[in-house]
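Asks: Make a model of the complete structure from these sequences and hints.
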Amino acid sequence: MFKRLFSSEKHERVVLQEMRKHLELLERASQCLVNFLKTSDRTFLDEICEIEREGDIVRRDILSVLYKGAFLPYIRPSLYRFIELVDETLDLVEDAARLLEFVSLSQPLQDDAFQIAILNTEMVQMLIIAFDSFVEGDDLKEKILAIRLYEKRIDDLYHDLFSRLFDIPVENFWQGRGLADFLSFLVKISDLVEDTADVLSLIHLSLS
Amino acid sequence: MAKEWLLSSGLLMGWSLGANDSANIFGTGVASGLIRYRTAIFITAIFVMLGAVIEGDKCLSSLKSLSTLSYLEAFVALLASALTMIFLTFLALPASTSQAIVGALMGIAMYHGSPDFSALSKIVTCWVLTPIGGVLCSVILYKPLRLLLVDRVKSLVARNRLFFIGILATGSYGAYSLGANNVANVTGVYVVSGLLSPKLAVALGGLSIALGVLTYSRKTMMTVGKSIVPLDPFSALLAVLSEATVLHVFTQIGVPVSSSQAIVGGVIGVGIIRDFRTVNFRIFSKIIAGWVITPIVSGILAWGFFVVYSIF
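One line per chain: the protein sequences are Y and G, in this order. Numbering-wise (numbering that gives the first Met the number 0), the first sequence opens with residue 0 and increments by one. Numbering-wise (numbering that gives the first Met the number 0), the second sequence opens with residue 0 and increments by one.
These are computed hints drawn from the structure, not numbers from a lab. Heads up, some of the hints might be wrong.
Unchecked claim - Below, in silico cross-link-like pairs of lysine to aspartate or glutamate (DMTMM-like), each with a Cα-Cα straight-line distance of 20 Å or less:
1) Y/9 x Y/135
2) G/153 x Y/138
3) G/153 x Y/137
4) G/153 x Y/8
5) Y/140 x G/150
Replies: Now the structure itself:
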């Protein structure tokens, strides 16, 4: 208790720095997925896998500092939830990238997937901005709203895409399954980013 | 040595007070996850002792006005109160030691056929004013505290640190006020009966309360705060500060009052400011039942002891 009282908030600052690093890894992974979609260059897939592994290490580091005594016990579960959501999103980016290696996308489908991937990346960038505001104690409303608008845009795109999916010929069941899963993962990334933003908003409210 | 065994009921009373009433200090903080249980009891024990020793003698005179007591009557009054408190702690109801001890003293006075209800009026008035004071304190302190803590301090790290220090500070003040106001309930009757000097009475009383805090307070600590209104860090801090202020004010008046009533008033006050609908009145009524049962049970126990004693 006295260590915490007289400490220079070192643990808290370390947690926040590492959480930002975690988010930056997610942004890099999202950008790599965009590039992989554009170029089909396998090095981007390898980079995504490497980023995901690094993300796991960062996540473990954050949690160990968090439960050593950073922040009030009151907000630790919410911070933990935030970190877990970012980790889940990273996993999803990796899963989507792995599937992309095996599925073949027609040009219109590739264009739609590319657009969704770009929007995902912009969502993550907005999430980082929201996180910086959260740390400074600034108002989050507009940033959270922007993230929600992105998510809605992606949902609309997917809805339109989904209606055309059944007309797309596939070679076999696994190709079809892979294609469906890839698109589903791509859209789910935006759902998780939105959930992450919501957690941030809730922590901000609870401390107000 | 012959008379020292009579202190045992007072020490038991102090222990049960510590076990039950410490929940009123850090119950909101521990249940809301602001502070760990071990930290809370450590701080409470230290500051309860300090409050008892520094200002504990201020409330001793109120009990003198209720009754004169022999050594045995002092022992029985405290034993009846302690047993009542232990029973209510077991049920996880925050009970009032002030009401327990007053109930026991009135039970003894009724056995003698000489209950003086006029002396009760000042004490009972303070009991009624205690939860009202808690509500008012919360309402009055809400805006200034919010301006000071929430609106001025924006950054997450700074706010986190401020809430942590705030909870420690208000909890320490609350524990100090608890010791100052309630130690009279523990060993005040021994001063009335002449068994102890005021200085020794507050020191022993404070020590027994501290022991109760350290050994048996976990169960009741979770009832207060979590059960009534779900509290965020600022609200928890405000409720405890209100309670501490009310206790300290009544210490200056010289009347031991219920810390349970004060914290419930503080928490209800917070609930009213935020949203009236969030107040869990079912638990509130359970707590009020404890307040009613306490003096009655304690009075019956004390009266019953002397009835049995007179038979044998």
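Asks: Taking the hints in turn, state whether each one holds.
Replies: Consistency of the hints with the structure:
For the hint linking residue 9 of chain Y to residue 135 of chain Y, the alpha-carbon distance of about 16 Å falls within 20 Å, and the restraint holds. Our distance criterion of 20 Å between C-alpha atoms is met by residue 153 of chain G and residue 138 of chain Y, whose separation comes to about 10 Å. Annotation: proposed proximity of residue 153 of chain G to residue 137 of chain Y holds, straight-line Cα distance about 7 Å (limit 20 Å). Between residue 153 of chain G and residue 8 of chain Y, the direct Cα distance comes to roughly 15 Å. Compliance with the 20 Å bound is thereby established for this hinted pair.
For the hint pairing residue 140 of chain Y with residue 150 of chain G, the CA-to-CA distance comes to about 17 Å; that is within 20 Å, so the pair holds.
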